[in-house]
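*Asks:* Chain residues, written in single-letter form:
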Amino acid sequence: MFKITDEVIDTQRVISAVEADNAGAIVHFLGTVRNNTGGRRTLYLEYEAYAPMAEKKMAEIGHEIREKWGLDRVAMMHRVGRVEIGEVSVAVAVASPHRSDGFEACKYAMDRLKQVVPIWKREIWEDGEEEWVKPDPVYFDADRGVRTSDG
Amino acid sequence: MFKITDEVIDTQRVISAVEADNAGAIVHFLGTVRNNTGGRRTLYLEYEAYAPMAEKKMAEIGHEIREKWGLDRVAMMHRVGRVEIGEVSVAVAVASPHRSDGFEACKYAMDRLKQVVPIWKREIWEDGEEEWVKPDPVYFDADRGVRTSDG
Amino acid sequence: MKVTVKYFAVCHEELGREEEQMELPEEATLRDILDRLEEEWPEITEFYQVMQMSVNWEYATEGTQLSEGDEVALIPPVTGG
Amino acid sequence: MKVTVKYFAVCHEELGREEEQMELPEEATLRDILDRLEEEWPEITEFYQVMQMSVNWEYATEGTQLSEGDEVALIPPVTGG
Numbered sequence: 007m008f009k010i011t012d013e014v015i016d017t018q019r020v021i022s023a024v025e026a027d028n029a030g031a032i033v034h035f036l037g038t039v040r041n042n043t044g045g046r047r048t049l050y051l052e053y054e055a056y057a058p059m060a061e062k063k064m065a066e067i068g069h070e071i072r073e074k075w076g077l078d079r080v081a082m083m084h085r086v087g088r089v090e091i092g093e094v095s096v097a098v099a100v101a102s103p104h105r106s107d108g109f110e111a112c113k114y115a116m117d118r119l120k121q122v123v124p125i126w127k128r129e130i131w132e133d134g135e136e137e138w139v140k141p142d143p144v145y146f147d148a149d150r151g152v153r154t155s156d157g
Numbered sequence: 007m008f009k010i011t012d013e014v015i016d017t018q019r020v021i022s023a024v025e026a027d028n029a030g031a032i033v034h035f036l037g038t039v040r041n042n043t044g045g046r047r048t049l050y051l052e053y054e055a056y057a058p059m060a061e062k063k064m065a066e067i068g069h070e071i072r073e074k075w076g077l078d079r080v081a082m083m084h085r086v087g088r089v090e091i092g093e094v095s096v097a098v099a100v101a102s103p104h105r106s107d108g109f110e111a112c113k114y115a116m117d118r119l120k121q122v123v124p125i126w127k128r129e130i131w132e133d134g135e136e137e138w139v140k141p142d143p144v145y146f147d148a149d150r151g152v153r154t155s156d157g
Numbered sequence: 047m048k049v050t051v052k053y054f055a056v057c058h059e060e061l062g063r064e065e066e067q068m069e070l071p072e073e074a075t076l077r078d079i080l081d082r083l084e085e086e087w088p089e090i091t092e093f094y095q096v097m098q099m100s101v102n103w104e105y106a107t108e109g110t111q112l113s114e115g116d117e118v119a120l121i122p123p124v125t126g127g
Numbered sequence: 047m048k049v050t051v052k053y054f055a056v057c058h059e060e061l062g063r064e065e066e067q068m069e070l071p072e073e074a075t076l077r078d079i080l081d082r083l084e085e086e087w088p089e090i091t092e093f094y095q096v097m098q099m100s101v102n103w104e105y106a107t108e109g110t111q112l113s114e115g116d117e118v119a120l121i122p123p124v125t126g127g
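Protein chains in written order, with the working numbering: chain A, 7 to 157; chain D, 7 to 157; chain W, 47 to 127; chain L, 47 to 127.
Here chain A stands alone, though its shape is the one from the complex (with noise of 0.2 angstroms):
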């Protein structure tokens, strides 16, 4: 399950997507939304998503993770619209034999999406000013393989 969905997160349903009968270990990540962002407070935050490239792109990382671990339980699920403070703004679930796999590959799942998954976020302040988010480090340190012979 690979979806962008303007609803609250359900994150059993995460997991539930991912449980097997020969799975040992299964690693969750939720993603939720703070209170503030280096010491300013935030009101709420809300993200927009490239929809159908997005899940597609979700989509890849598991394929991703099927040839690096030999993982196929992986589902990602991200909201869009207002999310606000502590909800759960996105969730991944990785099943697998040994938690070890299912650990790495948990986070490589979460890094992969900060880098390639088209979604966007926009903060709201407590102080009425609202901006978009600046991008993660890790988007311009990886290889996103797209740009370099002609971009």
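These are computed hints drawn from the structure, not numbers from a lab. Don't be surprised by glycine CBs; every beta carbon is placed ideally from N, CA and C. Watch out, some of these pointers could steer you wrong.
What the hints assert, rightly or not - Among chain D residues calculated to face chain L with C-beta under 7 angstroms, some are:
#, residue
1, Gly37
2, Arg40
3, Glu52
4, Tyr56
5, Pro58
6, His84
7, Val96
8, Arg118
9, Lys120
10, Ile125
11, Trp131
12, Val139
13, Pro141
Use these hints to put chains D, W and L onto chain A, whose structure you have.
*Replies:* Chains D, W and L in isolation, oriented as in the chain A frame:
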């Protein structure tokens, strides 16, 4: 929350125990009962714990995580008694401002649980045999810090 | 030929629209779309240093040739999670 | 003095009981408990190479001195998770 329970683990409750408005990430690990070990079919598992010491040791793992990563929102719950295939035997959640610390700390919690928390697993095979499970290699590899001088 | 061009996040804001149909000559590339947009948004080439573009939900380079009905998007640095 | 000794997992199985009260001389150590148990379970010293013991919910070494009312446990290699 550091708890031994003989009831089905409510994974949402383990997540709720660490949620905080200033956390941006929750890493959540679930250990589930596999339907086989090395290809041999398992019917179910039975867990036994030295409950008060197990809860104390889990709380100590929480203290270690606070010292190493400065994270103080950690929850661990382990089930005892008969646990069916696919059911959750252990749930750990760690909240952190940044995800990579959360992944490391949650993995550390599980590694330490398998070294120092007095819980034992009995495997009941589909062919009718049953036996106490052999310890994870990590148990012997790690510095358990208690036996070397006198043990 | 006609293609659809979609604008997200800061691009949507700069250009004041979410998407549009664009009529382009045969054999046009993504570069032609950037050139067209530069008239109303002169900083776009500078901004393109950190931005990407996609054709039919796949990242693509500036020189990529377009076909009738393609769905193109301007993709500012992503910040999901 | 009296202490409680608890047996878990394979120890419980080998000894056929979950716990017992043990009457020990003053200044007795955990080693004295192992010696006492060796009479009915001769392999215990060998098994102790991989096992641990605890006093009042804390791992302790063989030489640890006991006090009245202590809760001791024999702890086979743990296998939780």
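*Asks:* Give a verdict on every hint.
*Replies:* Going through the hints against the structure:
| no. | hint | in the structure |
| --- | --- | --- |
| 1 | Gly37 | holds (5 angstroms) |
| 2 | Arg40 | violated (12 angstroms) |
| 3 | Glu52 | violated (10 angstroms) |
| 4 | Tyr56 | holds (6 angstroms) |
| 5 | Pro58 | holds (6 angstroms) |
| 6 | His84 | holds (6 angstroms) |
| 7 | Val96 | holds (6 angstroms) |
| 8 | Arg118 | violated (11 angstroms) |
| 9 | Lys120 | holds (5 angstroms) |
| 10 | Ile125 | holds (3 angstroms) |
| 11 | Trp131 | violated (16 angstroms) |
| 12 | Val139 | holds (5 angstroms) |
| 13 | Pro141 | holds (4 angstroms) |
The structure does not agree with the numbered hints 2, 3, 8 and 11 stated previously, though it agrees with the rest.
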